[in-house]
Every structure is written in structure tokens, then in C-alpha cells.
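Enquirer: One-letter residues, chain by chain:
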Amino acid sequence: MTATRHTRSGPIAYALLVVILVASVFPLYYSFLIASKDNSALGDAVPSLVPGGNLFDNLTRVFDTVDFWLAMQNSMVVAGTVAISNVVLGTLAGFAFARLRFRGGNSLFLVVVGTSMVPTQLGVIPLYMLMSDLDWYGTLQAVIVPALIGAFSVFWMRQACEESVPHELVEAARVDGCSVLRTFWHVAFPAVRPQAAVMGMFTFMTAWNDFFWPLIVLDPNDSPTVQVALSTLASGYYTDYSLMLSGASLAVLPVVGIFILLARQIVGGIMQGAVKG
Amino acid sequence: MIAPFFVVFGVFGLYPLLHTAWVSLHDWQLIDGDQGFTGLANYAELLSDGHFWNALGNTVSLFLLSTIPQLFAALGLATLLDRGLRGRAFWRAGVLLPNVISVAAVALVFAQLFGRDFGVVNALLGVVGVDPVDWRAETWASHLAISSMVVWRWTGYNALIYLAAMQSVPKDMYESAMLDGASRLRVFWSITVPSIRPTILFTVIVSTIGGMQLFVEPQLFDPGGTATGTGGDDRQFQTLVMYLYEKGFRLFDAGYSSAIAWVLFLVILVVAVVNFAVARRIASKG
Numbered sequence: 204m205t206a207t208r209h210t211r212s213g214p215i216a217y218a219l220l221v222v223i224l225v226a227s228v229f230p231l232y233y234s235f236l237i238a239s240k241d242n243s244a245l246g247d248a249v250p251s252l253v254p255g256g257n258l259f260d261n262l263t264r265v266f267d268t269v270d271f272w273l274a275m276q277n278s279m280v281v282a283g284t285v286a287i288s289n290v291v292l293g294t295l296a297g298f299a300f301a302r303l304r305f306r307g308g309n310s311l312f313l314v315v316v317g318t319s320m321v322p323t324q325l326g327v328i329p330l331y332m333l334m335s336d337l338d339w340y341g342t343l344q345a346v347i348v349p350a351l352i353g354a355f356s357v358f359w360m361r362q363a364c365e366e367s368v369p370h371e372l373v374e375a376a377r378v379d380g381c382s383v384l385r386t387f388w389h390v391a392f393p394a395v396r397p398q399a400a401v402m403g404m405f406t407f408m409t410a411w412n413d414f415f416w417p418l419i420v421l422d423p424n425d426s427p428t429v430q431v432a433l434s435t436l437a438s439g440y441y442t443d444y445s446l447m448l449s450g451a452s453l454a455v456l457p458v459v460g461i462f463i464l465l466a467r468q469i470v471g472g473i474m475q476g477a478v479k480g
Numbered sequence: 003m004i005a006p007f008f009v010v011f012g013v014f015g016l017y018p019l020l021h022t023a024w025v026s027l028h029d030w031q032l033i034d035g036d037q038g039f040t041g042l043a044n045y046a047e048l049l050s051d052g053h054f055w056n057a058l059g060n061t062v063s064l065f066l067l068s069t070i071p072q073l074f075a076a077l078g079l080a081t082l083l084d085r086g087l088r089g090r091a092f093w094r095a096g097v098l099l100p101n102v103i104s105v106a107a108v109a110l111v112f113a114q115l116f117g118r119d120f121g122v123v124n125a126l127l128g129v130v131g132v133d134p135v136d137w138r139a140e141t142w143a144s145h146l147a148i149s150s151m152v153v154w155r156w157t158g159y160n161a162l163i164y165l166a167a168m169q170s171v172p173k174d175m176y177e178s179a180m181l182d183g184a185s186r187l188r189v190f191w192s193i194t195v196p197s198i199r200p201t202i203l204f205t206v207i208v209s210t211i212g213g214m215q216l217f218v219e220p221q222l223f224d225p226g227g228t229a230t231g232t233g234g235d236d237r238q239f240q241t242l243v244m245y246l247y248e249k250g251f252r253l254f255d256a257g258y259s260s261a262i263a264w265v266l267f268l269v270i271l272v273v274a275v276v277n278f279a280v281a282r283r284i285a286s287k288g
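From first to last, the protein sequence lines are chains A and B.
Read in order, the letters of the first sequence correspond to residues 204 to 480 in the working numbering.
Read in order, the letters of the second sequence correspond to residues 3 to 288 in the working numbering.
No wet-lab data here; the hints were simulated from the structure.
Note that CB positions come from ideal geometry on N, CA and C, so glycine has one too.
Label-pair ranges, simulated between beta-carbon atoms:
(1) Asp425/A <-> Ala5/B: 31 to 37 Å
(2) Pro369/A <-> Arg252/B: 51 to 57 Å
(3) Tyr217/A <-> Asp174/B: 25 to 31 Å
(4) Gly307/A <-> Asp29/B: 39 to 45 Å
(5) Asp119/B <-> Asp270/A: 28 to 34 Å
(6) Arg467/A <-> Arg252/B: 40 to 46 Å
(7) Ala5/B <-> Trp272/A: 33 to 39 Å
(8) Met279/A <-> Val62/B: 37 to 43 Å
(9) Leu464/A <-> Glu140/B: 40 to 46 Å
All chains should be built: construct the whole structure from the sequences, respecting the hints.
Expert: What follows is the structure in C-alpha cells.
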């Protein structure tokens with residue numbers, strides 16, 4: 204990427220960007236704002252943009268209403284396992300596609316890419332039956348196992364291996380008598396560590412934010428993930444916005460934290476993953 | 003080494019999808035199991051089901067209202083970001099932020115923003131003298147509100163994808179156009195858009211698939227009605243996936259729900275192909 208582009212930007216461009224940025228951040232700030240007030244303050248004709256003093260009361264109510272700690276833990280376990288597994292299995296498959304010659308490799312890779320077009324949402328009924336047959340309803344593995352590896356991870360890590368794992372190194376290791384797995388672990392994996400880290404973050408965030416499948420396969424009243432617990436907060440007889448948005452503010456903290464720490468890499472990752480024109 | 007992928011995909015991806023077709027040909031109850039083969043009866047019933055057509059209409063309306071503004075806004079935003087900016091990484095991260103927030107959290111915040119009595123949107127409208135809108139009760143209003151969530155969440159993401167494509171357009175093309183005295187808008191339509199055509203097609207297809215499967219945004223938009231999943235009292239914002247969920251997991255009619263799933267799959271296919279054709283024509287002009 205070059206430092207100078209074809210045009211320099213004037214104040215109007217910056218003003219526009221500031222407006223867009225405010226629009227991006229406002230709903231987040233707003234949910235924190237409501238989370239810090241008590242419900243009666245919501246009736247003000249013009250809502251005040253200054254936080255109130257009820258944050259801790261509201262958070263306490265969240266933990267009284269649903270077992271939010273347990274939900275956070277569950278989400279951590281789900282997203283953590285899914286991320287690690289996608290990194291390991293995705294890199295294995297990506298390495299195989301990028302650096303090992305085997306019959307039908309190219310067409311198998313096309314199949315992998317093709318599978319990302321299959322909308323998994325549409326198979327939920329049999330998937331649910333399958334989970335019941337396995338006696339997995341209400342357990343975390345029902346959420347974890349189907350997400351252990353995805354086409355995106357394979358695709359992404361194949362690209363990473365193409366870029367960062369030199370052919371010569373792989374061949375040298377093989378000549379020295381390294382097994383395929385040893386070559387993978389000692390030569391390929393260290394070379395793609397940065398890309399693997401970005402990918403791990405992506406999959407962590409996706410798994411953390413997932414709602415539809417956990418809603419179906421977990422018992423909302425027992426031990427769901429954070430997102431499902433949020434919907435439980437929302438489904439009370441009357442709509443308690445301070446309660447709901449306190450929960451929502453808590454649920455976005457981990458991903459927003461990760462995002463702020465790794466924004467540069469994640470943005471770069473999305474731009475790299477895009478189809479170039 | 004690639005076996006784990008195919009095992010997981012086969013068991014938890016492909017098998018359920020194909021099995022859905024089989025289930026859809028039966029009177030199949032989620033709890034009681036298979037009640038017998040009925041052929042295409044579920045599909046026939048679907049065609050005369052007003053709720054189904056309503057959900058289909060809502061889905062298409064929400065999809066159009068969210069995808070079109072989102073992609074145009076993303077193109078504009080990408081052009082803005084493609085200029086020489088100070089603090090480039092900061093702006094890029096800023097526009098992507100909405101995308102990392104979970105849909106569930108977004109839906110709850112927007113449900114509040116679009117509240118009838120105490121919502122910020124109505125408060126702002128009041129400032130310019132517009133009467134409060136009942137965002138949940140009216141079809142158009144609810145569709146606008148729900149689409150705004152989708153637009154908010156995905157515009158920045160698509161802008162970054164466009165930006166990546168724009169940066170690989172050769173610079174001398176711009177320079178010679180500028181020398182010829184072309185206006186900025188003309189350069190945008192005649193050089194930028196045609197150059198990033200494959201990327202535009204890609205985003206159109208991806209957002210079509212996403213848009214046709216809208217679920218969480220409308221489901222949580224009416225927090226009080228979340229439990230019923232009907233998308234408002236008159237189903238004014240019930241989408242196809244919500245209807246699938248209602249039939250399958252609220253009323254336990256797995257056969258009927260599976261028929262909805264397959265019809266939805268076909269609709270997605272048709273809309274994606276139509277979109278592809280239209281976008282290709284639009285993008286090749288100029």
C-alpha cells in the first residue's frame with residue numbers, strides 16, 4: 204500500500220468521517236448510558252447523554268435474573284475451543300492444500316470453498332434431531348463440535364501457507380527425514396503464526412457472537428451462552444431496558460476488548476481476505 | 003490432514019441439509035417423530051399459507067431496504083477511505099467496530115433507540131416537528147428500523163472489502179483521467195466501479211444470502227414478543243427464518259418447517275442469480 208494516494212483529503216472528508224465514526228460508536232455508548240440509569244429516568248422527553256449512577260444496581264440485577272457468570276464461562280469455553288480447533292485443523296488442512304502434492308488436491312479444495320455456500324441455517328431441524336439422538340441437547344458440545352472447523356479457516360490458512368511457507372524449507376525438512384506432521388509442526392506452523400492468530404480471533408468473535416444455533420440447541424433457562432442469556436433478559440413480561448442493555452454492555456466487552464487490542468491486524472485481515480478486483 | 007474438515011462438514015453440514023429434504027416429505031413432529039410419508043403435501047400447504055407469503059414478502063422487503071443502501075454507502079465510504087488520510091488505521095478500525103458487536107446486542111440497543119415512547123429516534127424526530135412513529139406496529143416503519151440495524155452493522159465491513167479492491171486499481175489510470183479533466187464523480191463511475199466489479203459481485207451475493215436469512219434482528223426487535231417469534235402482532239416483520247423457527251421449534255412441526263427451509267434455499271438461489279445478473283449489467287455500464 205502506498206503512502207500517497209491520488210487525492211489528498213480536505214476538511215470535508217474528515218468531517219464526514221467523524222460523523223460516520225460517531226454513528227458507529229453511538230449505539231454502544233447509548234447502551235452503556237441506559238445501563239447506568241434506572242428505568243424511571245428513561246421517561247425523560249429528551250434523553251440525557253450523561254451516565255447515571257445505577258450501573259452497579261443494574262449489573263447486580265442482571266446476575267440475579269440469569270446466571271450470567273455461567274453464561275460468560277460457557278461462551279468462553281465455546282469460543283475458545285472453536286478458535287483453537289479452527290487454528291490447528293485449519294492450518295493442517297491449509298498446509299496440506301498449499302504444500303503437499305496429492306491426487307485430486309485442487310478439486311478437493313474447490314469442494315471446500317463450495318461448502319461455504321451451503322447455508323447451514325437451513326439444516327437446523329435434522330441437526331437438532333441428530334443432537335437429540337446423540338443426547339447432546341443442552342450441552343456445550345452441541346454448539347462446539349459443528350463449528351470445530353470451517354471452510355473459511357481452511358481457505359485462509361491455505362493462503363497463509365502459500366505466502367509464508369517456502370517450498371525449499373519443506374523439501375529440506377523432508378530430505379532430512381522429517382515426517383509430514385513434524386514438518387508441519389516445526390516448519391510450517393511457526394511461519395504462519397501471525398495469520399493463524401488473526402484467524403483465531405475471527406473465529407473466536409464469530410463463535411462468541413453466534414445466536415441462532417445456540418438458541419435452538421441450548422436450554423435458555425439452564426446454562427446457555429451469553430447471547431442466549433441476553434434474549435432471556437429481553438423476554439420478560441415487561442421490557443426492562445436498563446436490565447437488557449446492562450447485559451448487552453457486558454456481553455460486548457470481551458469482543459470489543461479483543462478488537463481494540465488487535466484492530467490493526469483484524470482490519471488488515473479483512474482487507475486481505477477480500478477478493479481483489 | 004484434510005479429513006477433519008470433510009468429516010465435520012459431512013456430518014454437521016451436508017447431512018442435515020439433505021436430510022431436511024427427506025423430512026420435508028413427511029408429516030414429521032419434532033417430539034413424536036415420523037408420522038408417515040406425505041409426499042409434497044407440506045409444499046402444497048405452504049403455497050396456500052398466508053403466513054408464508056407474508057413472511058416471504060417481509061423478507062424480500064427487508065432484504066432490499068438493507069442491502070441496497072448498505073452497498074451504496076459502503077462504496078461511498080470506501081472512496082472516502084481511499085484518499086490520503088492521516089490516521090488511516092484509526093478510521094478503518096472505527097468503521098469496522100459495529101461489525102464485531104453481536105447481533106443480539108445490536109438488536110436490543112436498536113429496539114430501545116426505536117422505542118415509541120422513550121426512544122431516541124422519536125425524540126430526534128420530535129425536535130424537527132415530526133410526530134412520534136410507532137416503529138413496531140407499522141409494517142413500513144418496522145422494516146425501516148430493522149434494516150437500519152443491518153446497514154449499521156455491515157456498511158463498514160463492506161467498505162473495507164471495497165477499499166482493498168480499490169487499492170489494487172493502477173494509479174496511472176486515475177492520473178490520466180484527471181489530466182483529461184474528468185470530474186471526480188465521472189472517474190468514480192468510469193474507472194473505480196468497473197475496476198472493482200468482481201468485488202462488487204462478491205459482496206452482492208454474500209449480502210443476498212445474509213439478507214434472505216435475517217433472523218436475530220427482527221426476532222429481538224420486539225423484546226416483549228420475543229417468546230412468540232411472530233414478529234409483531236400482525237406478523238408485520240416476521241421473516242422466513244423466523245417462520246421456520248416458529249413452526250419447527252415453537253409448534254414442533256418439523257416436516258413443515260423443513261419444507262420452508264427448502265423453499266427458502268431455492269428463493270436464495272433465485273435471488274442470488276437475479277442479483278448476479280443485474281449487478282453485472284449495472285457494473286459493466288459506464
